[in-house]
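Fit chain B to the known structure of chain A by using the hints.
Protein chains: 2
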Amino acid sequence: MKKNLIYIQSGGVSSVINASACGVIETARKHTDKIDKIYAAVYGIGGFLQENIYDITDESADNVAAFRWTPGGIFGSCRHRMPDLTEDESEYMRIYELFKAHNIGYFFYNGGGGSMDAANKLANYCKSKDWDVKCLGIPKTIDNDLGYMDNCPGYGSVAKFTATATMESGLDVASMHTASTKVLLMEVMGRHAGWIAAAAGLAHTDDASHPHIIIFPEIPLNKIELLHKVDACVKKNDYCVMVVAEGARDEQGELVSTAGVGAHKQLGGAANVIAMLISQLLGYKFHCVICDYLQRSARHLSSLVDVEQAYAVGEAAVEYALQGKNAIMPTIERVSSSPYKWKVGEVELIKAANSEKLLPRNYISKDGYSITQDAEEHIRPLIQGENPPPYENGLPVFATKNFKMLAKKLPEFN
Amino acid sequence: MKKNLIYIQSGGVSSVINASACGVIETARKHTDKIDKIYAAVYGIGGFLQENIYDITDESADNVAAFRWTPGGIFGSCRHRMPDLTEDESEYMRIYELFKAHNIGYFFYNGGGGSMDAANKLANYCKSKDWDVKCLGIPKTIDNDLGYMDNCPGYGSVAKFTATATMESGLDVASMHTASTKVLLMEVMGRHAGWIAAAAGLAHTDDASHPHIIIFPEIPLNKIELLHKVDACVKKNDYCVMVVAEGARDEQGELVSTAGVGAHKQLGGAANVIAMLISQLLGYKFHCVICDYLQRSARHLSSLVDVEQAYAVGEAAVEYALQGKNAIMPTIERVSSSPYKWKVGEVELIKAANSEKLLPRNYISKDGYSITQDAEEHIRPLIQGENPPPYENGLPVFATKNFKMLAKKLPEFN
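Chains as they are written, first to last, in the working numbering: chain A, 388 to 801; chain B, 388 to 801.
Same shape as in the complex, but just chain A (with noise of 0.2 Å):
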């Protein structure tokens, strides 16, 4: 018997979301022997619970194809941490309810450690009911944290982004510092983890030696000896380039800086304090940039390889839910470094759930500064290849949004 398919994105989106949903949706409606009608829901996991729900199945081809090129969450996305079973199990029993009213026999769920979790209760849940649904995890975030995963779909990109920054505006400095800017600091997100202040060791070259210090979330900073470093750096190269994770800590594990207040207390600011600093005690003019959502949506210099890894996921999803496979989730595996070849693999939800993969100490610098040779060796082959979105008229071109909603059958939920 056909079963209809749902997709769901979770958690911050990245450049590349959009290409997984991709990869799901083409590869979906080439099996239209088993899967009947293709749903998204509409603002995540949150929206689904509400009945908010796309119909997907007469999507235009060519919008479809769109996704592939167009940042955000094309369906919009949400934060939830679905409860522990044993604490409340009425949003499981909802879901099912869902699952059963709209015949549902395939959930895919797209995003990071904490969906992989939600997803793998929710396979147990649902075969403890006796209802047959493949519920299958797609890995995403920028963070590259997940373990289990050689990189993440969503890390390329924002690494190609924040490596291209960093050279370009490094340049900048490089000939404004005689009689203006001495440092510049450039905040990237990880707020655990420093695979994307990594990914700016990546700039340098022959030519031009910045970055010169980057601070890494993993590394506890010492305010002083930075300060020391900054200064020598100036006085040695005429300017200095800082990448800074918003993440970054002291060495008593407090944040250098959080934004916001109440509720919404957040993490962002980090480079500006650190810039204070360097202003206040040695004097140098700075300039600052804080890339925030700029980094994991510019898909106008998104990475090739991420764009085809972030559409396998996708597909391999799909694919191993029709083969059978349930509480799964697809992985990239490294076949070799050089050159770089890689292949799809899997891993089971329950050990991908809530798994954080830091930066290896080995891929940072004995000073803690800086990364080592083990760590380019990584990161470089994910920013390999450009796929830039079509332009017309001076911008890109995106997907469009107007989806049809399918009508709600269930009695509303809270």
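Do not take every clue at face value.
Identical chains blur together in the list; that is why a pair holds if it fits in one copy or across any two.
Calculated cross-link-like contacts (lysine-lysine; reagent style DSS-like; alpha-carbon spacing at most 25 Å) [as the list claims (entries may be wrong)]:
id, residue 1, residue 2
1, K390, K516
2, K623, K788
3, K796, K622
Hint data in this document are derived by calculation from the structure and do not stem from the laboratory. These numbers come from a predicted model, not from an experiment.
Chain B in isolation, oriented as in the chain A frame:
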């Protein structure tokens, strides 16, 4: 008699200032009957005064061609305002001596309004000393605030970057707002003129309503009114994308924010200040992007029109000089908007000097928070066409800087 040429970069750099350098050098090389050596000042006029000069005459054609796609100032730039002749003649005297010592008959100063003023004074000074040198300006400013120009080389690229970044990061927050960020603020450059902020207005599509609010330096900011507007926007669109010029000023004419301390007090941080108000008074979760040097160094996203115009003004400056013209600057003139056609014109330096072209009031909507159709028609042509640098191993390949230094002939200058 053949004379030598000196080319000098001045002020803040852009992603296409080196395309102008390329235009100057490649054109000069076609006229070896009149131009002997091709020199460039090391770090701008400051370096020139110290007799720090590159000899580019024998630089490889390939590396000079690569200037076209290399951001930053390839020879180095500096911020330096030459004193009035009536105040202090010493710098003019020194340059006149440098001209004589190095047989310089062609002087090209690539910068903004202040640089045009200096070039003009220098032309007059040399005339008064009976030294035959053609002193020409080459226009460059990302701020687009030079008078007598339809638009200025450097602006089209930062406009394309700003509009693309607004589109892309707008899609990010559009997909995240149900359980996360409601307001995205993006700070762009612009001390007095809102041209860069205005370019963000090109980002909206039939499908996406962002940007919702633009803060121009030309419009005094009423913070209470703004907060009302942000709140109404979130209530209507579920999210709000806001672009803030760093030169935003309140109704008393005070900058919303400055960064740094003491002598290095500088622009920057207006978006952070507004973000904190939104967090504290409206309680919305926000994200804040500070584009800073990224926007003016993002050569990977430069507009083809801008690259071609930057090259053309460099080329024209040399040709005008060889025609015997002096104390002028090539300009960009608009022939038609649709289809967009432009040509190179010229203006006397005395007119271009210290001129400042703000955003016309009819380019800003009545309420002061968005752009008009007139603005869109003016700016849109300037972002047309893509002209990415070559990539190798995942990153752009830029020109190298191992230039030959010219031997000094004069005593030191203080």
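Here is what the structure says about each hint:
In this assembly of identical chains, K390 and K516 lie within 25 Å of each other by CA distance solely inside one copy; the values are 17 Å within and 90 Å between copies. Taking the shortest Cα distances, K623 and K788 sit within 25 Å of each other only across copies (18 Å), while inside one copy they are farther apart (52 Å). Proximity of K796 and K622 under a CA criterion of 25 Å is satisfied in neither setting, with 69 Å inside one chain copy and 28 Å between copies.
The structure does not agree with numbered hint 3 stated previously, though it agrees with all others.
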